[in-house]
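Number of protein chains: 8
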Amino acid sequence: MLIHDNSKLVMIGDSITDCGRKRPVGEGDGGNLGTGYVSMVSALIGATCPEKRIRVVNMGISGDTVRDLAARWQTDVLDLKPDWLSVMIGINDVWRQFSRPNVIESHVYPDEYEETLENLVKTTLPTLKGLVLMTPYIIESNKNDAMRQMMDRYGAIVKKIADKYGAVFVDIQAAFDRLLTRYYSAALALDRIHPNTIGQMLIAKEFLKAVGFKWE
Amino acid sequence: MLIHDNSKLVMIGDSITDCGRKRPVGEGDGGNLGTGYVSMVSALIGATCPEKRIRVVNMGISGDTVRDLAARWQTDVLDLKPDWLSVMIGINDVWRQFSRPNVIESHVYPDEYEETLENLVKTTLPTLKGLVLMTPYIIESNKNDAMRQMMDRYGAIVKKIADKYGAVFVDIQAAFDRLLTRYYSAALALDRIHPNTIGQMLIAKEFLKAVGFKWE
Amino acid sequence: MLIHDNSKLVMIGDSITDCGRKRPVGEGDGGNLGTGYVSMVSALIGATCPEKRIRVVNMGISGDTVRDLAARWQTDVLDLKPDWLSVMIGINDVWRQFSRPNVIESHVYPDEYEETLENLVKTTLPTLKGLVLMTPYIIESNKNDAMRQMMDRYGAIVKKIADKYGAVFVDIQAAFDRLLTRYYSAALALDRIHPNTIGQMLIAKEFLKAVGFKWE
Amino acid sequence: MLIHDNSKLVMIGDSITDCGRKRPVGEGDGGNLGTGYVSMVSALIGATCPEKRIRVVNMGISGDTVRDLAARWQTDVLDLKPDWLSVMIGINDVWRQFSRPNVIESHVYPDEYEETLENLVKTTLPTLKGLVLMTPYIIESNKNDAMRQMMDRYGAIVKKIADKYGAVFVDIQAAFDRLLTRYYSAALALDRIHPNTIGQMLIAKEFLKAVGFKWE
Amino acid sequence: MLIHDNSKLVMIGDSITDCGRKRPVGEGDGGNLGTGYVSMVSALIGATCPEKRIRVVNMGISGDTVRDLAARWQTDVLDLKPDWLSVMIGINDVWRQFSRPNVIESHVYPDEYEETLENLVKTTLPTLKGLVLMTPYIIESNKNDAMRQMMDRYGAIVKKIADKYGAVFVDIQAAFDRLLTRYYSAALALDRIHPNTIGQMLIAKEFLKAVGFKWE
Amino acid sequence: MLIHDNSKLVMIGDSITDCGRKRPVGEGDGGNLGTGYVSMVSALIGATCPEKRIRVVNMGISGDTVRDLAARWQTDVLDLKPDWLSVMIGINDVWRQFSRPNVIESHVYPDEYEETLENLVKTTLPTLKGLVLMTPYIIESNKNDAMRQMMDRYGAIVKKIADKYGAVFVDIQAAFDRLLTRYYSAALALDRIHPNTIGQMLIAKEFLKAVGFKWE
Amino acid sequence: MLIHDNSKLVMIGDSITDCGRKRPVGEGDGGNLGTGYVSMVSALIGATCPEKRIRVVNMGISGDTVRDLAARWQTDVLDLKPDWLSVMIGINDVWRQFSRPNVIESHVYPDEYEETLENLVKTTLPTLKGLVLMTPYIIESNKNDAMRQMMDRYGAIVKKIADKYGAVFVDIQAAFDRLLTRYYSAALALDRIHPNTIGQMLIAKEFLKAVGFKWE
Amino acid sequence: MLIHDNSKLVMIGDSITDCGRKRPVGEGDGGNLGTGYVSMVSALIGATCPEKRIRVVNMGISGDTVRDLAARWQTDVLDLKPDWLSVMIGINDVWRQFSRPNVIESHVYPDEYEETLENLVKTTLPTLKGLVLMTPYIIESNKNDAMRQMMDRYGAIVKKIADKYGAVFVDIQAAFDRLLTRYYSAALALDRIHPNTIGQMLIAKEFLKAVGFKWE
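Protein chains in written order, with the numbering used here: chain R, 1 to 216; chain Z, 1 to 216; chain Y, 1 to 216; chain E, 1 to 216; chain F, 1 to 216; chain C, 1 to 216; chain G, 1 to 216; chain S, 1 to 216.
Keep in mind the hints are simulated off the structure, nothing from the lab. Be aware that a few hints might be false.
What the hints assert, rightly or not - Straight line, CA to CA, 30 Å or less: simulated BS3-like cross-link-like pairs of lysine-lysine:
#, chain 1, residue 1, chain 2, residue 2
1, G, K143, C, K52
2, E, K209, F, K52
3, R, K214, R, K8
4, E, K129, E, K22
5, Z, K159, Z, K129
6, G, K81, G, K122
7, C, K214, S, K52
8, R, K209, G, K122
9, C, K52, S, K8
10, F, K122, F, K209
11, Z, K143, R, K143
12, S, K209, C, K52
13, S, K209, S, K81
14, C, K209, S, K209
15, F, K22, E, K22
16, F, K22, S, K22
17, F, K22, E, K8
18, Z, K209, Y, K122
19, C, K214, S, K81
20, Y, K143, Y, K52
21, F, K22, F, K122
22, F, K209, E, K209
23, E, K8, F, K214
24, Z, K209, Y, K209
25, S, K143, R, K52
26, E, K22, Z, K22
27, F, K143, S, K143
28, Y, K22, Z, K22
29, E, K143, F, K52
Just chain R, same shape as in the assembly:
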């Protein structure tokens, strides 16, 4: 596995990451890591390769956009001195353009998204042993859907930045697309955004596959 022994892995993001984690820092047993993919990643690593002694920390906050991430980056990422960092952000940046179309000050458009995310990556990378960037997604198989199209633009930005800076790239949208050939979206997430445990496990598996985790 790419993640080094004794590493501290901080995973930051929005409600998909948060899932009820402990405040101010989500680390440790039970509900401290929330009930989503972060907890599953921690459990799969802990049950499979305990000798690596990897610490997993959940710093997701529900509702966050990349703009919110930037505002809390010092305390919620840098101060924690992670060895590895994973970032999954952008869903709210897109979603509010569609769910609250009139509230324009809540929208984070592609330019701001790219500039902010790139800036965070660029300045943080020197302090890390490894960085993972995961795409935002919508659990919607219709690629002509307006919000899907917009989400794909943000996913492409993530890929572009990951490529430019040599980060591990995880295409969560592509993973859900594969699952959507078997399930209708409502079997994974009623609102096409917040997945049930099947969808959360999918994210955990994609993350682990990308960092070279071995199942047995």
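Position chains Z, Y, E, F, C, G and S relative to chain R; hints supplied.
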């Protein structure tokens, strides 16, 4: 307005109708009618034509299919002796085929839906002064969406029965389709099913238009 | 409709306006706008003319008098930069003279009411595209009732100010008087002040009629 | 005082009597008697003439009409074997005709009220040492008010029955009328029905005066 | 009655006075005055002589000694500008000497009690139209009981100060002694301190008798 | 210790025994035995002589008189097949005569108390290896106090029955009397009945002393 | 994977299985399957091989022994008509012998355990497509520990029955033993019984490995 | 008993001491001292030798290590001016090395433990009349258990410091070891750390024995 003076109007359905109504019978002020279209219909009639003295009763139950409606029809419709009755059912009949694809005993397929609904209509019609049948819907503009296609089949069954028995027919799906030319679905309902107050008001307006309500 | 496309409409007032809105700013879906006339105005506009993209913001606070409004005017009106503003205030100014006759420091008498309200209108008008002033009211048909007589004085002040400054004037008291020819007050509000959904819908309809809203 | 030493006094009625009393039988300290006139009657007797050793029992139930009283008369009055009984009923019989005008099955009209109340009095009187009948009331000074007029009809029925059967008669409406020369109704009860502690104390005082209680 | 028309009467003390009053200032309807003698005093005055328009304010705080009263005297008495003031304090000053014998810093001995109370009286009297001092008490008939003996010393101090400064003196201990010839203490207060409604009404009656209140 | 190895000891009584034990049967860790003397007895035996493997079961119910005990004797004592049984009852039998003097049906007078208790003892004794009878008590040092005098009569009945049937007798009243030479009653129990942990520990110690428990 | 397409897999057991599942039947999204290994098994299957359309049902009940399982076998297993069944039981059978040594009626000794479990297996096997038996365990590496020794006896019984009837056998104890070479027990379960998410994931993985699940 | 008459005894520690004590200072009746050994010590002293008038204060805080104790020593020990002080700390210092092996900043290793504890003892001793040091413990009989071995090292440090400074030493670990010859650990504490009432009583007894307390 088609609804006669001094009528008792019972509105039955699923969670779209229920919206937290009082148990066992939802009638009266404040939250007794719930917070959805039934309360809005009652308020619009009461504020506009109080001289008609129309009683509105909400008998929706969250999660119901037409199969559940049939099971409680005697106590929840016939025993209340409505003059007018409105029925909006079918969303769960369809939804569970997509959200719980493996739990097949929870699915109500088109044949059962049609037979059950028609039977309820046929046996109840003689006791009524008026009957309104509203289509189920999904707030999804893509007509190729699998669940949308299935929902349209159920909507067509409602229209067929309404035509056959001379009931007032309200095409809620068509109304949402018009709204979807202006809104993305997430601005009306996060899960494409349970609308916010804009969507509930749309249902109330469509119902009232169909029964000839005059706004002023 | 008088309200311009893309406008932000702020509605301020007391408990009739508040109805459990979100703090500090009431905007958005579901309960954010509360359960009263503001939510109904938003829903009727949203369901009928979504292309106008009007934002509705609820800034009512239960128990407020015009004195309280003045104290929070900067943060709760000016800072929000509304295009249109509606104000319905005065019920508590009057009510406490009758419900707490001994607590004279809680009373806002007509002179203070007029001076304060006029001052708010005069200084705010230049920043607005449109202003709506609605009368306070009591749901009491007896015009010789002591509190009704006093409330009518405050309503007359509102009309006077609206006329002087060219604001849209909405006579809510007159609207309730029409309804009271059909209902006894207890069918609309147990305390003659806080209306049920019928009375709240009446306020919403009067507001919308005054700004030229078209029902269909 | 008319009430005999060592008597058990049962006081029955609606929400004015109930005031949160203990179920199934309200007797004893603290909240067991509720927070209304029954508790005050008990406290005034207990503090003033403890040597009389009078037991006070509260059997009020919120929302009751005389029809509801008749349905629970056996368990809630006769089975308790009171020496003295007080009855204050009729407010809901009248109120619902005005607050829920369309729900006619909830109305108890004068004929039913008179026949039911008289029947309860006639059959119970032989088992009692004393009976007190108190009028229903509305805290509304306008005698032309529609609900006030109706309430006065019910109060007249109470007086007629009290006279015919020699019960102690307490005119609560008249007592509130005297207070209304000093207070506006909202200073005693926001809904003109449920009094604050001043109004509850008034009822307690009227009851005690009628049974010859001496303050010192 | 000694209390002047339009007076504001502030009643301060410990838990006997407090009884769940509203914070920071207990004034107005329902529970605002708590459920003890202050509420009863207000209700008896309001129901009997509303024309006097007397405001009653409850400033009791559970657990207070005279030391605590002095610490909050500026905000809780002087700032409220009472016309009349009543003080009932001392129970906790004594009680803690017996219930927490080892926690000596919580004890307020007679010298401190007298000096503190006298100082409050002396400095406040010039700002008042009238002052009422009520004794602390224990609902215990055995005058040889150790706590009763101590309480009597504090009661004597109250009387001494009342006499010296011409305050209205109310001997609550004596009143309970009269009641104890008819009741065992447990029928009035399980802990001999916190009375049920009978005992609270007794305090209200004693206060009112002392200020010349007429029952009818 | 008198209690045999592997015995099941059932302790029955009123609120002094109950102290929040688990229903329907109080046995086991933590709160299952409540927070009073039963838990302390169990903990002292368990910590000191675990090799005896004694099971302790709490069957107290708050508010019980001996009349209530008799009514539940079959299920709450006999069905549990205790080896040893302890009974402490009588406080409520006496207390209600003083706290609710008018509610005479709640009083259990000495004759009924003696006859009922003796009958329970007589019929149960043959099924037991050992029986402990503890006196009721009042934490009141004044032997002329009316309730103390009555309680002493009940204590004497317990002693008489214990002597007659050879039960272990524990004089809890005498133990509290010794403690009252050092403490005022309020330092042990605010209501002279329900002791704090010091008083509960006293009961536990007296019980254990009577059955020959060794501290070390 | 051994589990057939479209199978219904019922997993029954004690608190390790239960983990807050829905009553009466735990099936579906979110918390319905609880937060333990059953949910993880369902999520891993659903995310990896959705085309198999396997239904997972959680029927664990906290605190159950094999005696309790037998008592609810008809309703909780047979009536659900599972295709595959997994059973993990025995922890409480053993644990109570150590945690409640005196409460012998709560102990299920090896003979009863074996006879009961074998009987359930024997009678149910003909109705199943597949059966999985998992060992009980204690997260304790010291094989001389008294409870560990006893638990190993029960695990051997499970193995014996699995072998005799050809069930899939899963040695959970052995899996934990491997993990205990890396972790101290407290890092997996504070009480050595209820694992955190790492331990629950271990159980899920062992189960899946035994039925031939492929990770990718 | 070593503890002097009229002494104030402060007992500080972690969750074993805390047990839900009152904040900020745990002193007095009922739950103020929590439900653990502190409350039992207070009750045993109070019931046995009330004439000593010893005040017991609980300053335990759940989760504390010696590092946490040092941080709050000024406010939680020195400011309270104890005569006698007892300290039981170290369990969390050890436990987290095993339960959270990766979170190394939470570990307090032996050197820091010894230095910190000795420093607290050295600087505080001059202000005290007596000091009691109790060992941390684990309720685990296997002396080869990794955490047991580490705990024994910390216990030895406590003994070393107690000997060096002449403090009363209480070997709680040894006491539990004696009990473990009769009980399996699960009968005293599910997690081998937090004892039930038997284990808490054991601590209380050991403490009292060490300070020369006499049971009778």
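Hints, verified against the model:
{"no.": "1", "hint": "G:K143 x C:K52", "result": "holds (28 Å)"}
{"no.": "2", "hint": "E:K209 x F:K52", "result": "holds (22 Å)"}
{"no.": "3", "hint": "R:K214 x R:K8", "result": "holds (19 Å)"}
{"no.": "4", "hint": "E:K129 x E:K22", "result": "holds (25 Å)"}
{"no.": "5", "hint": "Z:K159 x Z:K129", "result": "holds (19 Å)"}
{"no.": "6", "hint": "G:K81 x G:K122", "result": "holds (16 Å)"}
{"no.": "7", "hint": "C:K214 x S:K52", "result": "holds (23 Å)"}
{"no.": "8", "hint": "R:K209 x G:K122", "result": "violated (42 Å)"}
{"no.": "9", "hint": "C:K52 x S:K8", "result": "violated (37 Å)"}
{"no.": "10", "hint": "F:K122 x F:K209", "result": "holds (25 Å)"}
{"no.": "11", "hint": "Z:K143 x R:K143", "result": "holds (14 Å)"}
{"no.": "12", "hint": "S:K209 x C:K52", "result": "holds (22 Å)"}
{"no.": "13", "hint": "S:K209 x S:K81", "result": "holds (24 Å)"}
{"no.": "14", "hint": "C:K209 x S:K209", "result": "holds (18 Å)"}
{"no.": "15", "hint": "F:K22 x E:K22", "result": "holds (24 Å)"}
{"no.": "16", "hint": "F:K22 x S:K22", "result": "holds (25 Å)"}
{"no.": "17", "hint": "F:K22 x E:K8", "result": "violated (35 Å)"}
{"no.": "18", "hint": "Z:K209 x Y:K122", "result": "violated (42 Å)"}
{"no.": "19", "hint": "C:K214 x S:K81", "result": "violated (36 Å)"}
{"no.": "20", "hint": "Y:K143 x Y:K52", "result": "violated (41 Å)"}
{"no.": "21", "hint": "F:K22 x F:K122", "result": "holds (28 Å)"}
{"no.": "22", "hint": "F:K209 x E:K209", "result": "holds (18 Å)"}
{"no.": "23", "hint": "E:K8 x F:K214", "result": "holds (29 Å)"}
{"no.": "24", "hint": "Z:K209 x Y:K209", "result": "holds (18 Å)"}
{"no.": "25", "hint": "S:K143 x R:K52", "result": "holds (28 Å)"}
{"no.": "26", "hint": "E:K22 x Z:K22", "result": "holds (25 Å)"}
{"no.": "27", "hint": "F:K143 x S:K143", "result": "violated (64 Å)"}
{"no.": "28", "hint": "Y:K22 x Z:K22", "result": "holds (24 Å)"}
{"no.": "29", "hint": "E:K143 x F:K52", "result": "holds (26 Å)"}
In terms of the numbered hints stated before, the structure departs from hints 8, 9, 17, 18, 19, 20 and 27, listed from lowest to highest.
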